[in-house]
Amino acid sequence: MKKKTHINISDAWYGRLLSLPGITFVFLLIVLPVIFLIVLSFLRYNFVTPVAFVGFKNFSNIFSDRLLPHALKTTAIYTFGVTSISLIFALTISYGLHRLGQRRFSTLFRTLAILPFAVPLVLSGLIWRWLLDPAIGVMNYLFIQITPFTEPINIFGNSTTALLGVILADAWIKIPFMTIFILAAMDGINQNLYEAAAIDGATTVTKFLHITLPLSRNGIIYGILITAMFSFRTIDAIWSMTRGGPGKATYHIGIYILDRMLSLMDLGQAAVIGIIVFVCISCFSAAMIAWMKRD
Amino acid sequence: MPETKKISGAFNRILESYITVYVVLGAIFLVLLSPLVLMFFTAFKTPAETEMWPPTIVPLDVDFEAFADVIFNSKIPTAIVNSLVISLSTVAIVVVAATFTAYGLSRYKYRGSRVLSYSLLATRIIPPISLTIPFFAIFAWLGLVNKKLTLIILNVYLNYPIVTWLLIDAFNRFPNQLIDSARIDGATRNQTFFYVVLPLTVTAIAAGAIITFLFTWNEFLYALTFTQTEAAMPLTVGIFEFVGDEVVEWTRLCAVGVFASLPSIIFFIFAQRYVVQGLTAGAIKE
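If you're matching them up, the sequences are chains A and B in order.
Quick note on our numbering: the first sequence kicks off at 604 and runs consecutively.
Quick note on our numbering: the second sequence kicks off at 2 and runs consecutively.
Heads up, some of the hints might be wrong.
As the list claims (entries may be wrong) - Covered by chain B, according to a simulated footprint, are these stretches of chain A (three or more residues, beta-carbon under 8 Å): (1) 635-649; (2) 655-666; (3) 672-679; (4) 740-748; (5) 797-810; (6) 872-885.
Claimed, not checked - Cross-link-like lysine to aspartate or glutamate pairs, in silico, EDC-like; alpha carbons within 20 Å at most: (7) B:76 x B:242; (8) A:851 x B:247; (9) B:110 x B:181; (10) A:851 x B:246; (11) B:149 x B:250; (12) B:76 x B:62; (13) A:676 x A:862; (14) A:810 x B:181; (15) B:110 x A:614; (16) B:76 x B:246; (17) B:110 x B:170.
Said to hold, decoys possible - To be clear about the criterion: a stretch of chain B counts as covered by chain A if any three or more of its residues have a C-beta under 8 Å from a C-beta of chain A, and this derived list gives those stretches: (18) 81-90; (19) 140-153.
To be clear, the hints were calculated from the coordinates, so they are not data collected in a lab.
Ideal Cβ placement from N, Cα and C applies to all residues, glycine included.
With the rest of the complex left out, here is chain A:
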């Protein structure tokens, strides 16, 4: 055995010694930028003219910008679309896998279910852009074969359908992501409950509605929360598909931030939008966590 080193500190100090360096570093990495974000929103900060305090000018500029309500609306539709499509599929897949239990192919099926999540979101955008392409896209070809339509659809050429296209690409990645959370919750349900219900003559639908759904409720809410949060704040799929276009049809609030920051180099105005995103996500998370805690 190695030479014993005696450090005569109390257990509490030992705990502080182990945990505080990392926590301090990360809090500095998080708290300082949050403070700086708020400070920036009151500054003219554009790498050209000298930095100056401008009061609420950035706020009034952004709040009077017609793009703000548009970006918020687009983001809301996008978030709702991605979350609800993923929820429907993730619930179906999780319930199916839950029903299968340890039956044949269940391991294979569980792997297949999460496989699309392996693709980086930004790449999924590019793949879907190709699948939906009017000239060479496989999905468009299938669409013409199956439906009465005879002309390929240029989904990103049209401002009403473009948003649907980006939602599809993002939902494709979010389905397996959400499945992981919902399935984990469903796996925690005691199988005996189903047997007891079956003896009492419960149908599959009743069992699903009265055992599976209520008992995996928190996993489902958590899945909704984290999926909605991610689609509210990530721009990967949109960036690789449309960058906000055509026109401003897919103008997600994240694109709005990047436009102000990287194209216009106006960090003060970008910071105001950043604060808006922050507030929206905090309120949404608080509401969802309250819902989860309510029994």
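Guided by the hints, dock chain B onto chain A, whose structure is given.
For chain B alone, coordinates are given in the frame of chain A:
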């Protein structure tokens, strides 16, 4: 009404049957996995074949030119190396730091350690996209734009709280008797930690390492904001080399896609349990 009862009974039998479950899951997976399969096949097509109508699914002739071109003739190998350097460094830093932090918070409680644990979880609410702006100003001021170090720091910020939370949970579930008996047998606190606790919590640590790797490997927003040249560019940004304003080189893009998805696919097949454990860590106790 016997008629409706018969119908609903048949309906229930169909729902009850496992064949239905297999059929429904099979149909969903067919749709869900087809983009992946098409990406894989297209990487082996010739560029001319990707322009054909009707589109082909399986390549007419297997062609390795896209792979050869991506490997020998593009910035992608540099991007892959960058991605590996950034991801592995992040994993090393996060795993070491989070293990110490979590053990301190879980096993040796002090005043405020509970609040600290929960505030770590709460940081996940802060949207990384909002912090891009102050980070951009700070790193520009420090001259740290277009450096791999910048991306490592930012990915540590993104992953450290969740991995710490995952490990706090693992250490909380660790049986105290084992620690106590090691201490009674004369092991120091450090020895107990390294020789008793760590070997038995290695699965949770592996889960933390794997999700950190995957999140860092797939990270795009900060990579896009903070890299301009191939010196620091990871794969998620490097992929845009084949995306022009008008023309996209689909075969090469798909070849890169195969490289980009490979680490995750390997982890999903061989270490799925760890991925799931890592991802659901925050969901367990809220």
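Here is how each hint holds up against the structure:
Coverage of the region 635-649 of chain A by chain B holds in this model, with 7 residues showing a Cβ closer than 8 Å to a Cβ of that chain against a need of three. Under the rule that three or more residues need a Cβ within less than 8 Å of chain B, the assignment of the region 655-666 of chain A is violated, with 0 such residues. Note: the region 672-679 of chain A has 0 residues with beta-carbon separation from chain B under 8 Å; the three-residue rule is not met and the coverage is violated. With a threshold of 8 Å between beta carbons, the proposed coverage of the region 740-748 of chain A by chain B holds, since 3 of its residues qualify and at least three are required.
Counting residues of the region 797-810 of chain A whose CB lies closer than 8 Å to any CB of chain B gives 3, which reaches the minimum of 3, so the coverage claim holds. Using a Cβ-Cβ cut-off of 8 Å, 8 residues of the region 872-885 of chain A lie near chain B, which meets the minimum of three, so the contact claim holds. Using a Cα cut-off of 20 Å, the hinted pair residue 76 of chain B and residue 242 of chain B holds, with the two alpha carbons roughly 8 Å apart. Taking the CA atoms of residue 851 of chain A and residue 247 of chain B, the gap is about 19 Å. The hint holds against a cut of 20 Å.
The straight-line distance between the Cα atoms of residue 110 of chain B and residue 181 of chain B is roughly 15 Å, inside the 20 Å bound, and the hint therefore holds. Restraint check: the Cα-Cα separation between residue 851 of chain A and residue 246 of chain B comes to about 17 Å, which is no more than 20 Å; the hinted pair holds. A threshold of 20 Å between alpha carbons decides the hint, and for residue 149 of chain B with residue 250 of chain B the separation of about 27 Å lies outside it, so the pair is violated. Distance restraint check for residue 76 of chain B and residue 62 of chain B: the Cα-Cα separation of roughly 26 Å exceeds the 20 Å cut-off, and the hinted pair is therefore not satisfied.
A threshold of 20 Å between alpha carbons decides the hint, and for residue 676 of chain A with residue 862 of chain A the separation of about 17 Å falls inside it, so the pair holds. Annotation: proposed proximity of residue 810 of chain A to residue 181 of chain B is violated, straight-line Cα distance about 45 Å (limit 20 Å). For the hint pairing residue 110 of chain B with residue 614 of chain A, the CA-to-CA distance comes to about 8 Å; that is within 20 Å, so the pair holds. For the given pair, residue 76 of chain B sits about 19 Å from residue 246 of chain B by alpha-carbon distance, which is consistent with the 20 Å threshold.
For the hint pairing residue 110 of chain B with residue 170 of chain B, the CA-to-CA distance comes to about 14 Å; that is within 20 Å, so the pair holds. With 0 residues having a beta carbon nearer than 8 Å to a beta carbon of chain A, the region 81-90 of chain B misses the requirement of three or more and the stated coverage is violated. With a cut-off of 8 Å between beta carbons, the region 140-153 of chain B has 1 residues touching chain A; three or more are needed, and the interface restraint is violated.
The earlier numbered hints that this structure contradicts are 2, 3, 11, 12, 14, 18 and 19.
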